[in-house]
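Line order of the protein sequences matches chains A, B, C, D, E and F. Using the UniProt record's numbering, you'd call the opening residue of the first sequence number 1 and step up by one each time. Using the UniProt record's numbering, you'd call the opening residue of the second sequence number 1 and step up by one each time. Using the UniProt record's numbering, you'd call the opening residue of the third sequence number 1 and step up by one each time. Using the UniProt record's numbering, you'd call the opening residue of the fourth sequence number 1 and step up by one each time. Using the UniProt record's numbering, you'd call the opening residue of the fifth sequence number 1 and step up by one each time. Using the UniProt record's numbering, you'd call the opening residue of the sixth sequence number 1 and step up by one each time.
Possibly wrong hints are sitting among the right ones.
Copies of the same chain are indistinguishable here, so a pair counts whether it falls within one copy or spans any two.
Calculated lysine to any residue pairs in the SDA-like style (CA-CA distance at most 20 Å, straight line) [stated by the list, open to error]: (1) 35 - 18; (2) 180 - 48; (3) 32 - 158; (4) 26 - 93; (5) 180 - 88; (6) 35 - 195.
The set of hints was computed from the structure by calculation and includes no laboratory data.
6 protein chains.
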Amino acid sequence: MLVLNEKVPEKVILVEEPEIAELISKYMTTVKSVKRRGYSVYIGIYGGSPIAIASHGVGGPSLALILEELIQYGARIVLRYGTAGATECSNVGKYLIPVGVSHHVYSSLYQRSRGDTSLSLYPDLEMAYKLYSFLKQRRRNVIYGSVFQSDDFYAESHISSDDAVDMETGTLFLVSRLKKVRSASLVILANCRGRDWIDYEKLYETDAQLVLDFMSSFEGEAERI
Amino acid sequence: MLVLNEKVPEKVILVEEPEIAELISKYMTTVKSVKRRGYSVYIGIYGGSPIAIASHGVGGPSLALILEELIQYGARIVLRYGTAGATECSNVGKYLIPVGVSHHVYSSLYQRSRGDTSLSLYPDLEMAYKLYSFLKQRRRNVIYGSVFQSDDFYAESHISSDDAVDMETGTLFLVSRLKKVRSASLVILANCRGRDWIDYEKLYETDAQLVLDFMSSFEGEAERI
Amino acid sequence: MLVLNEKVPEKVILVEEPEIAELISKYMTTVKSVKRRGYSVYIGIYGGSPIAIASHGVGGPSLALILEELIQYGARIVLRYGTAGATECSNVGKYLIPVGVSHHVYSSLYQRSRGDTSLSLYPDLEMAYKLYSFLKQRRRNVIYGSVFQSDDFYAESHISSDDAVDMETGTLFLVSRLKKVRSASLVILANCRGRDWIDYEKLYETDAQLVLDFMSSFEGEAERI
Amino acid sequence: MLVLNEKVPEKVILVEEPEIAELISKYMTTVKSVKRRGYSVYIGIYGGSPIAIASHGVGGPSLALILEELIQYGARIVLRYGTAGATECSNVGKYLIPVGVSHHVYSSLYQRSRGDTSLSLYPDLEMAYKLYSFLKQRRRNVIYGSVFQSDDFYAESHISSDDAVDMETGTLFLVSRLKKVRSASLVILANCRGRDWIDYEKLYETDAQLVLDFMSSFEGEAERI
Amino acid sequence: MLVLNEKVPEKVILVEEPEIAELISKYMTTVKSVKRRGYSVYIGIYGGSPIAIASHGVGGPSLALILEELIQYGARIVLRYGTAGATECSNVGKYLIPVGVSHHVYSSLYQRSRGDTSLSLYPDLEMAYKLYSFLKQRRRNVIYGSVFQSDDFYAESHISSDDAVDMETGTLFLVSRLKKVRSASLVILANCRGRDWIDYEKLYETDAQLVLDFMSSFEGEAERI
Amino acid sequence: MLVLNEKVPEKVILVEEPEIAELISKYMTTVKSVKRRGYSVYIGIYGGSPIAIASHGVGGPSLALILEELIQYGARIVLRYGTAGATECSNVGKYLIPVGVSHHVYSSLYQRSRGDTSLSLYPDLEMAYKLYSFLKQRRRNVIYGSVFQSDDFYAESHISSDDAVDMETGTLFLVSRLKKVRSASLVILANCRGRDWIDYEKLYETDAQLVLDFMSSFEGEAERI
């Protein structure tokens, strides 16, 4: 393994940047941290539950590398907590829980599945719905819908078929499905088509504990295939 | 419109064959029925709620035709209630609620979206989860997972990347997403890779009212995009 | 088999809807009929020749299912007799005999052949030409040319590269070629780009016997590969 | 135009090599000949009918160049008279009249049509059937069926889905269809999967007049679209 | 082999037409010549070095056939010396050395590699750079850049993503790479988007010896993979 | 811009990880450094020449983001200096200069160019050859050849058509070509099909100055298109 070489908790929160991983890790009791090849991983305890927080970098290929290692070392329930660009400007500032992922037929997702099939990309139904319900009850402005997985931050102005554009949710769902782990994605709609960025770091600070609360308390009960 | 030319209820149950449409319609008070071009549509009342039951025939192209007309005339919440083939033989006899849909990159789904994008295919999160929860509480053997949309009943023995194979759920999700209506799919795993068929008609008889109960009581509350 | 479980005649006429199958069956002596899963099949005698008339439903996936079963039970010479939409409005009301079939590269036809090849789609040369000649001699307004196989009735307004649009001729030719049976297609140009429908049922009534005459008398003589 | 710059007859026979063009031209009264950029074109009279004989070189791109110029200067009825490799060794030595053309989805045919459609490739029904019938009556061993258009002579050992492999019939049919000229193809099955070549030049000598007879007498009567 | 059946020199110059092969061959001492199936091959000596000059016809499929045979019989260092159309009109009359080759994803190049990979197409780095440097020192107007390989001379007006359009450089690089021989391409920008042709034959006359000089003196020294 | 918001030097060295960027930056006089969103950028002076060193993270999407910003702020000559996996184990430890880049037809490269064309991917001929020659003269073990751009580090065991596998060179060449900047790639063959890693950090330490020497002295002289 390029980055990890030790057991990690079953529950993992993936974030985009080392800075955010560090920010969220401050709300838990960190037991160990790894910084290697641009990735930051914090292993700790929150609410009595072992949890890891890891940065995944930019894009599907970068996320796939660290996610594969995390699963190899024990991850079973994975939440991406990041940002995405809204297609509708009125949604900026809301949380979006992706239920489906569109993508270019020709994309970075191909290499992991190959063949003539476009594999389904979806969150764990129970985890996604309970996360939705959890945030709703806590009066967060949360909606669900569809994201487009982009492979190129500076070449995505043509994308508009979906509610939001992000660069990693499809890869998260694909690897999770192939490795049979539960996953969901929670993205802050941090800008509108690349403009009008909100101060999303503040949101991370406000809600870090909320997300840690959800993860520490979530136990998948559903029998899935 | 080729089949319909009148208003239909907001809630629609789509089934595969005219025979099943007729079977389920017997449990509601039918107000009107249409039989045209191989399709059967029953419009009626169940538990005080107006509901339509329509047959969709075999395959995505056949379902798309009638679904498009139903939406045109008022359908807003659509449930496919049908059969699928299980990939794992131990799942035969269970209900499956599809959360994602795989498909050949080259498939009948292409024509409706075209372009270079593989559009996300997903159920309404709230409807799918509440249906799952509803059936679970009534002790039905229900699981959720991924289906593969097949375009050719006698050429699908190679399909095994998913939990089940059906011929219409992807088209249901695609048209629903483009027309912005809520939909979910509930399939009986009626055989295992084309063999060992169960007597699924009996299951329709046993559970017709249950499904009508769900549909008559379901009110989508979630704010979706 | 889902629909059939008995021997059928070598000669089969495929029509779109149960209603048309019934209409044409009235001109022959019907020996047996099957109605199952939305399909209607009539087995009978015309002019001393055993012939089956079967409905195929909407779209390639639906036609493939019944055609596969018919061939499995004995069909060797198959004629699709149906309707198509003309690209040129001046051709509405004419008969068209398709010699070639265009289709989206990404279409329902893929699943049966798979791989990296676009398989040739063509009628039996002798059957197609003799049908053309037969109708010409009987002063029908008949032409030959190219059809586009559509996979979605309500998403085909962009199709214009061919003389007509239908939803099943390509699948007929593909399955026929793979199973080595002779086939041809005869379509009434019943509308122009979805508008200006003619009363094609009347045409079926007028010409049902003509088509039965051709089928009962046609004996493929050519040595094909 | 790169090769031609004068009117040519309506009827054209396309052959593979300059040597064969010269061989066949000897059976007609040649009025004019052009040799440029590797192509040989003979313009003459046979049986009172003006006819051109042109070599097309190896492969679709080479045939397209000269065919486009011939049509630009007046060609309306085009016959390819060449060789192909049989898939079944028992067919070596026979004539094949292609009714359909398979090809790699990714092939040289794409550039002329582009877009998301696989265009139908087919001969003129009347011309193909009458040629078949003409040769049959003259006791030639002729069959009809499907060819695969290859783009690479030394990389086609994997091709076996069709009755024969050639390198130009698909391009002939594609350009003919787009330019609305009648065409057919007549190929000598000169080898079996690249081996066991027959002395096909002898066959050209024996049958050159027969083919010229057909071309000089053929008048397309059918109304096509 | 269809064309050759004897040893050829390690160094080969490929040109488009038999006429040009003949023209250049006049500057060396020709030992032997072959004319078969439209190809002309001259085997000779220049500056003490054995060299072959061969025509390749129009398009990738035509070039692949003769190149494959040349390599089979000993060719190891191959230069295409031909013409291409410039995208920028101000470049007409210059020499272009292609470093990369664009092409339609769907093209004649596919058949030789197949599979899901777009294989790299590139010249031998040392040969291409030394050719560039050699011509520069002799004050030729030479540049390097990217060509688009076209499969259809009369259907390429849409191509503009590259510096020039030719019909064979991609196939040269592909076959060279698969057979592990060194190759480069040197094209005269003989027209601008199909118009304004220069008298390129004159250029061949002027520079034939220069190109023969380069080939006779070039010895690949680099260790390549 | 997400990472940068100031002018950078024309010459940039891109490396994989923040650690390597820091390591190499120690050999120059650093004027300024930026650490944001996982990227590290050092702006400095070496041998009198302004040079930037930037980390690009894992995969094409990650490299594209920072490269786009660097070019936006002034980069014109870009060298990727990183690692790749060798296909042939005997090449481990050598330097490879990629001349061509293979990739899955379906890959992350698609989004930037889109359309039906596979764009050429190539280094600047002069820069690549002079780098080769520079290293050769300094007795480094350097070869040139072809790399495969991978989109998924843990799903690339099937790749073997090329000399090495890396995750960013194709994106570097694609963006460089579209933005018209010169680029080349120099990769250490650090492992063999994912195993037998060498201690490549030591190599970076040994050769950092050599690479800085090349970059500070290189002046592109060639007229390119």
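Hint check against the structure, violated hint numbers in rising order
2, 3, 4 and 6
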